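With the hints as your guide, set chain B onto chain A.
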Amino acid sequence: DQQVKQNSPSLSVQEGRISILNCDYTNSMFDYFLWYKKYPAEGPTFLISISSIKDKNEDGRFTVFLNKSAKHLSLHIVPSQPGDSAVYFCAASAELGNRDDKIIFGKGTRLHILP
Amino acid sequence: GAVVSQHPSWVICKSGTSVKIECRSLDFQATTMFWYRQFPKQSLMLMATSNEGSKATYEQGVEKDKFLINHASLTLSTLTVTSAHPEDSSFYICSARPLLRVTYNEQFFGPGTRLTVL
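So the sequence lines, in the order shown, correspond to chains A and B.
Quick note, the first sequence lines up with residues 1 to 115 if you use the numbering used here.
Quick note, the second sequence lines up with residues 1001 to 1118 if you use the numbering used here.
One chain only, chain A, in its complex shape (with noise of 0.2 Å):
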């Protein structure tokens, strides 16, 4: 059973316009939520995260939404630019209350930007 739920496996954006990646999670447990980026045969690396005490959080181009009445958040990315184009992980994990080690996954959605 997928914890963590990436629905959209690719999405087409063009160059300069808002790249909307979605998520949504079971786990209810979850506290703390975090963005992937992921070039072909490299590495996942650490984008943006957010607490679940929080409902936003800001970093430059990418800002990532918390909904957690409806256990969903989204990576939103504006401009959207060519280097964006990556597949994205949406991660999740339970920092406090029940502490746990791993960091669940998403499938990822593979974002293309077109010039």
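If you are wondering where the hints come from, they were derived from the structure by calculation, not from laboratory data.
The structure presented is a predicted model; accordingly, all values stated were derived computationally and were not measured.
A few of these clues could be false.
Facing chain B, from chain A, some residues (calculated, C-beta under 7 Å) [claimed, not checked]:
#1 40
#2 42
#3 44
#4 70
#5 102
#6 105
#7 107
In silico DSSO-like pairs for lysine-lysine, Cα to Cα no more than 30 Å straight-line [claimed, not checked]:
#8 5(A) x 1041(B)
#9 68(A) x 107(A)
#10 1055(B) x 107(A)
#11 1064(B) x 102(A)
#12 1041(B) x 107(A)
#13 71(A) x 5(A)
#14 5(A) x 1064(B)
#15 1020(B) x 71(A)
#16 1064(B) x 107(A)
#17 71(A) x 1066(B)
#18 1014(B) x 5(A)
#19 1041(B) x 1064(B)
#20 1014(B) x 1055(B)
#21 102(A) x 1020(B)
#22 5(A) x 102(A)
#23 1055(B) x 71(A)
#24 1020(B) x 107(A)
#25 5(A) x 54(A)
#26 1064(B) x 1020(B)
#27 107(A) x 1066(B)
#28 1066(B) x 1041(B)
#29 102(A) x 56(A)
#30 56(A) x 1055(B)
#31 54(A) x 102(A)
#32 1064(B) x 68(A)
#33 56(A) x 5(A)
#34 71(A) x 102(A)
Positions of the beta carbon are idealized from the N, C-alpha and C atoms, including for glycine.
Showing chain B alone in chain A's frame:
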């Protein structure tokens, strides 16, 4: 930023042989290292968690006798795929959690190792 290396970056081996993959944290000490595998178009699946000086904790469905993990120091963990078979062909990625970190679950990932078993 923190750097994690993996060696080798790719390996091709014959069925039945054993392959060792190294994961090193280059500029920090790591209390915990994680091993993942990724199949094409799939998520990173956690295989095991290793803490320096103790036995690794394996995820359900991962054979500990097949995937031997050793975490001998705060900067090195190794994964040995024993008696490899074609179905073991995958992309193996390690991550390291720093001894000193900002958040509990801060991890830095290695570049991965592509294993192909013929």
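List of violated hint numbers, smallest to largest:
Violated: hints 1, 4, 15, 17, 18, 23, 30, 32.
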